[in-house]
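Q: Protein sequences, first through last, are from chains X and A. Using the working numbering, you'd call the opening residue of the first sequence number 136 and step up by one each time. Using the working numbering, you'd call the opening residue of the second sequence number 3 and step up by one each time.
Don't read these hints as lab results, they were simulated from the structure. Where hints are given, some of them may not hold.
Claimed, not checked - Just so you have them, the derived chain X footprint on chain A, three or more residues with Cβ under 8 Å:
{"no.": "1", "segment": "216-227"}
{"no.": "2", "segment": "298-312"}
Said to hold, decoys possible - Covered stretches of chain X (chain A as the covering partner; in silico rule of three or more C-beta atoms under 8 Å from a C-beta of chain A):
{"no.": "3", "segment": "143-152"}
{"no.": "4", "segment": "163-171"}
{"no.": "5", "segment": "175-186"}
{"no.": "6", "segment": "192-199"}
Stated by the list, open to error - When the alpha-carbon atoms are kept at most 27 Å apart in a straight line, the in silico DSSO-like pairs for lysine-lysine are as follows:
{"no.": "7", "chain 1": "X", "residue 1": "K142", "chain 2": "X", "residue 2": "K218"}
{"no.": "8", "chain 1": "A", "residue 1": "K537", "chain 2": "A", "residue 2": "K355"}
{"no.": "9", "chain 1": "X", "residue 1": "K145", "chain 2": "A", "residue 2": "K566"}
{"no.": "10", "chain 1": "X", "residue 1": "K142", "chain 2": "A", "residue 2": "K155"}
{"no.": "11", "chain 1": "X", "residue 1": "K145", "chain 2": "A", "residue 2": "K608"}
{"no.": "12", "chain 1": "A", "residue 1": "K120", "chain 2": "A", "residue 2": "K155"}
{"no.": "13", "chain 1": "A", "residue 1": "K612", "chain 2": "X", "residue 2": "K145"}
{"no.": "14", "chain 1": "X", "residue 1": "K145", "chain 2": "A", "residue 2": "K617"}
Remember, it's a predicted structure, so these values are computed and weren't measured experimentally. C-beta: ideal position from N, C-alpha, C; glycine also.
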Amino acid sequence: MSEVRAKVRKFIEDNFLFREDGSAISDDTSLLDAGLIDSTGILELVAFLESDFGLQMADADIVPANLDSIKAIVDYVETKIAKQQAA
Amino acid sequence: MCGIAGFFGAPDASLPRRALLQRMIGAISHRGPDAQGVFTGPHVGLAHARLSIIDLTSGQQPMATADGSLCVTFNGEIFNYIELRDELIARGHRFRTSSDTEVILCAYEEYGLSCVEKFNGDFAFAIADHRNRRLMLARDRMGVRPLFHTTYKGCLYFASEVKALLEVPGVTATLDPYALDQIFTFWFPLAPRTPFKNIEELPPAHVLIAEGGNVTVKPYWQLSYPDAADADAYDNRSAGAIAEELRTLLLDATRIRLRSDVPVGAYLSGGLDSSIIAAAVKQIQPDRLRTFSVTFESEEFDESAYQMDMVRALGTEHSIVPCTTADIGRDFPAVIRSAERPILRTAPAPLMKLSQLAHSSGYKVVLTGEGADEVFAGYDIFKEAKIRRFCAAQPQSKRRPLLLKKLYPYLPQLKTQSQSYLEAFFGAQSDGSDPLYSHLPRFQTTAGAKLFFSAELRKALNGYDAMEELREKLPADFARWHPLSQAQYLETAHLLPGYILSSQGDRVAMANAIEGRFPFLDHRVVEFASRIPPKMKIFGLREKHVLREAMKDLLPAHISNRTKQPYRAPDCQSFVGPGAPQYVKHRMSTGDIATAGYFDPVAVGKLVHKCGNQKFVGFRDNTAFVGVLSTQLWHREFVQGATVASNIPYAVA
Numbered sequence: 136m137s138e139v140r141a142k143v144r145k146f147i148e149d150n151f152l153f154r155e156d157g158s159a160i161s162d163d164t165s166l167l168d169a170g171l172i173d174s175t176g177i178l179e180l181v182a183f184l185e186s187d188f189g190l191q192m193a194d195a196d197i198v199p200a201n202l203d204s205i206k207a208i209v210d211y212v213e214t215k216i217a218k219q220q221a222a
Numbered sequence: 003m004c005g006i007a008g009f010f011g012a013p014d015a016s017l018p019r020r021a022l023l024q025r026m027i028g029a030i031s032h033r034g035p036d037a038q039g040v041f042t043g044p045h046v047g048l049a050h051a052r053l054s055i056i057d058l059t060s061g062q063q064p065m066a067t068a069d070g071s072l073c074v075t076f077n078g079e080i081f082n083y084i085e086l087r088d089e090l091i092a093r094g095h096r097f098r099t100s101s102d103t104e105v106i107l108c109a110y111e112e113y114g115l116s117c118v119e120k121f122n123g124d125f126a127f128a129i130a131d132h133r134n135r136r137l138m139l140a141r142d143r144m145g146v147r148p149l150f151h152t153t154y155k156g157c158l159y160f161a162s163e164v165k166a167l168l169e170v171p172g173v174t175a176t177l178d179p180y181a182l183d184q185i186f187t188f189w190f191p192l193a194p195r196t197p198f199k200n201i202e203e204l205p206p207a208h209v210l211i212a213e214g215g216n217v218t219v220k221p222y223w224q225l226s227y228p229d230a231a232d233a234d235a236y237d238n239r240s241a242g243a244i245a246e247e248l249r250t251l252l253l254d255a256t257r258i259r260l261r262s263d264v265p266v267g268a269y270l271s272g273g274l275d276s277s278i279i280a281a282a283v284k285q286i287q288p289d290r291l292r293t294f295s296v297t298f299e300s301e302e303f304d305e306s307a308y309q310m311d312m313v314r315a316l317g318t319e320h321s322i323v324p325c326t327t328a329d330i331g332r333d334f335p336a337v338i339r340s341a342e343r344p345i346l347r348t349a350p351a352p353l354m355k356l357s358q359l360a361h362s363s364g365y366k367v368v369l370t371g372e373g374a375d376e377v378f379a380g381y382d383i384f385k386e387a388k389i390r391r392f393c394a395a396q397p398q399s400k401r402r403p404l405l406l407k408k409l410y411p412y413l414p415q416l417k418t419q420s421q422s423y424l425e426a427f428f429g430a431q432s433d434g435s436d437p438l439y440s441h442l443p444r445f446q447t448t449a450g451a452k453l454f455f456s457a458e459l460r461k462a463l464n465g466y467d468a469m470e471e472l473r474e475k476l477p478a479d480f481a482r483w484h485p486l487s488q489a490q491y492l493e494t495a496h497l498l499p500g501y502i503l504s505s506q507g508d509r510v511a512m513a514n515a516i517e518g519r520f521p522f523l524d525h526r527v528v529e530f531a532s533r534i535p536p537k538m539k540i541f542g543l544r545e546k547h548v549l550r551e552a553m554k555d556l557l558p559a560h561i562s563n564r565t566k567q568p569y570r571a572p573d574c575q576s577f578v579g580p581g582a583p584q585y586v587k588h589r590m591s592t593g594d595i596a597t598a599g600y601f602d603p604v605a606v607g608k609l610v611h612k613c614g615n616q617k618f619v620g621f622r623d624n625t626a627f628v629g630v631l632s633t634q635l636w637h638r639e640f641v642q643g644a645t646v647a648s649n650i651p652y653a654v655a
């Protein structure tokens, strides 16, 4: 498990899933469809990504394609970090 | 306004019947601190706690007819009692008092069970008909006044509040898991269900008739809307003609609600609806008007600038009470003791402070703007549904969803929200044929809080679907109504009595012996409004359009044109941080959560940690926190009976 994935999963479990049975969501589960993140909860996620990974998220990046599953978030964060390091 | 209680049948003999009635009515004496009375007859007992408002000298209850064949105990008001009294006198009846209570007795003598259809009012009453060995219970059309009942060992018991029923030996409080599931979906249980297993409420606009061992519950009135395909079913007159008649009707609804032998005040929220009512009162009684309002520290919730505008415009004698997050935290257990159910918002707490202010100012009756948002389509949920349907009609349009951003200008969290998330959240693409379409985003977000249910509770629920039960309860012709009518029905027939008029209305007002009266909920206004074409209610995106047009000359222009700001109060921030009340730690502790058994202790622990440490907490977690805490307080109060035993005074100090 990548370090990013572990951190993201833990954040989702602690702050949105709350329950012990963390395996109840897979990396592909849609966080919106599963009722885990509502329209305001997404701002918590953005704040976490910006503070814990040192990212700066443009408004255009705050879209379900980037943030609606653990896998999508991990892909987004890893791509973004790679870009920032390359720059 | 008052409290009522009683039984029909043979109560358990362990307690003398008068003592039983005294205990029952004693549990709700806050509703009527002025006098108490009990009546016992063969197979029946009635009790009454009185808040004297009409006919202060001879209106004592329970009240019997001169021949003793009928006896009534009555909570509320029959506002058209003067007209009914004249009508009954013309038919040969004679009156001994000038009370509306006696009008109920005579109307029953004259019209029998259908007397209730004659009444324009907010009422819950019980009539013991000795000749027919019958008990009749009735409740007003909109559900302003409460009435609960239960059957234990073959005897029927009823009361204004559940706490009176819990005084009956053998009747105990157990949580109904389906009710909790409904509350964690809709904000309230679906009547007749209550959070108390085996205790039901008499639904609004229903009567209960007990005779010969049979109990029948049936509606005597139903909220209905025109068939959308039948253009002639709507009021097809010009907008001007409709507005004019609406104004006349609303002024009359206000006029009969000023009938009282004690002074009547008004609440001022700063919004359109209470401003209209206060202005209408000034039209009818131009002399003195006393008004009351609550203010908040946070700009996000406070409306005091608008309140003061109305005070100046109308020249009222005004009092305010500030409400802080600390007040909400401190008073919340008293709110749950009053509401007798878990709730998902703290908004009733400031209203309890407001009723305390009115009470300590020497008032017993206030008029408010309650009901206008349901009856004239003021809530954002109506506009939200309209925009969602508009988007769904052109799913590829990039411009239509921009309207969603305009919806909630008062929610700071949504201002920074990205377009695609708003679309995803509001489900603009979802199935428009679902009868609950307008409410799906709200219900689905709320139901997210069910995540915290314990494994045992989930097992007891066994896949139960609250939304499916609501769909099954909808009227047969619901599918033929206009989408706005459908959404209005869900708010008016369900949320209004289930939450607004009860947890946020009667219960927090009566905790301080304050009777609210609501001109917008006069059934003549409700019936008239149901036939107004939807486009006159929401004109473009201007909510309550026809109401504004009808009343605009009575108000300052900026109040008359003000966009709806829903009444809200701070939620979980009232219960966390350094100033958090001590009880929160105990009620939300792993031990207490596990003992009650409704929620998962580990998950609740994480929620408490999150709410205490994160600067920003979203809708679902606020909802969950208040829902879990209120359920835990409910459990402590009613299942464990903590404060009943310690006899803590009722009203908030």
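Q: All the hints need checking, so say for each whether the structure fits it.
A: Hints, one by one, checked against the model:
Only residues whose beta carbon comes within less than 8 Å of a beta carbon in chain X count, and the segment 216-227 of chain A has 0; fewer than three means the coverage is violated. For a cut-off of 8 Å, the count of residues in the segment 298-312 of chain A with a CB near a CB of chain X stands at 0, and the three-residue condition is violated. Proximity of the segment 143-152 of chain X to chain A, defined as three or more residues with a beta carbon under 8 Å from a beta carbon of that chain, is established by the 3 residues found. Given as covered by chain A, the segment 163-171 of chain X passes the check, having 3 residues with a CB less than 8 Å from a CB of that chain where 3 are the minimum.
Counting residues of the segment 175-186 of chain X whose beta carbon lies closer than 8 Å to any beta carbon of chain A gives 6, which reaches the threshold of three, so the coverage claim holds. With 5 residues bearing a CB less than 8 Å from a CB of chain A, the segment 192-199 of chain X meets the requirement of three and the coverage assertion stands. Between K142 (chain X) and K218 (chain X) the alpha-carbon distance is near 20 Å, which keeps this suggested pair within the 27 Å criterion. Taken as a hint, the K537 (chain A) and K355 (chain A) pair is broken in the structure, with Cα atoms around 38 Å apart against an allowance of 27 Å.
Of the pairs offered as hints, the one joining K145 (chain X) and K566 (chain A) is violated, with about 40 Å between alpha carbons and a cut-off of 27 Å exceeded. A hinted pair counts as satisfied when its Cα atoms are at most 27 Å apart, and K142 (chain X) with K155 (chain A) does not qualify at roughly 58 Å. As the CA atoms of K145 (chain X) and K608 (chain A) are separated by approximately 12 Å, the hinted pair is consistent with the 27 Å bound. Annotation: proposed proximity of K120 (chain A) to K155 (chain A) is violated, straight-line Cα distance about 35 Å (limit 27 Å).
Between K612 (chain A) and K145 (chain X), the direct Cα distance comes to roughly 13 Å. Compliance with the 27 Å bound is thereby established for this hinted pair. For a cut-off of 27 Å, the pair hint linking K145 (chain X) to K617 (chain A) stands: about 19 Å separates their Cα positions.
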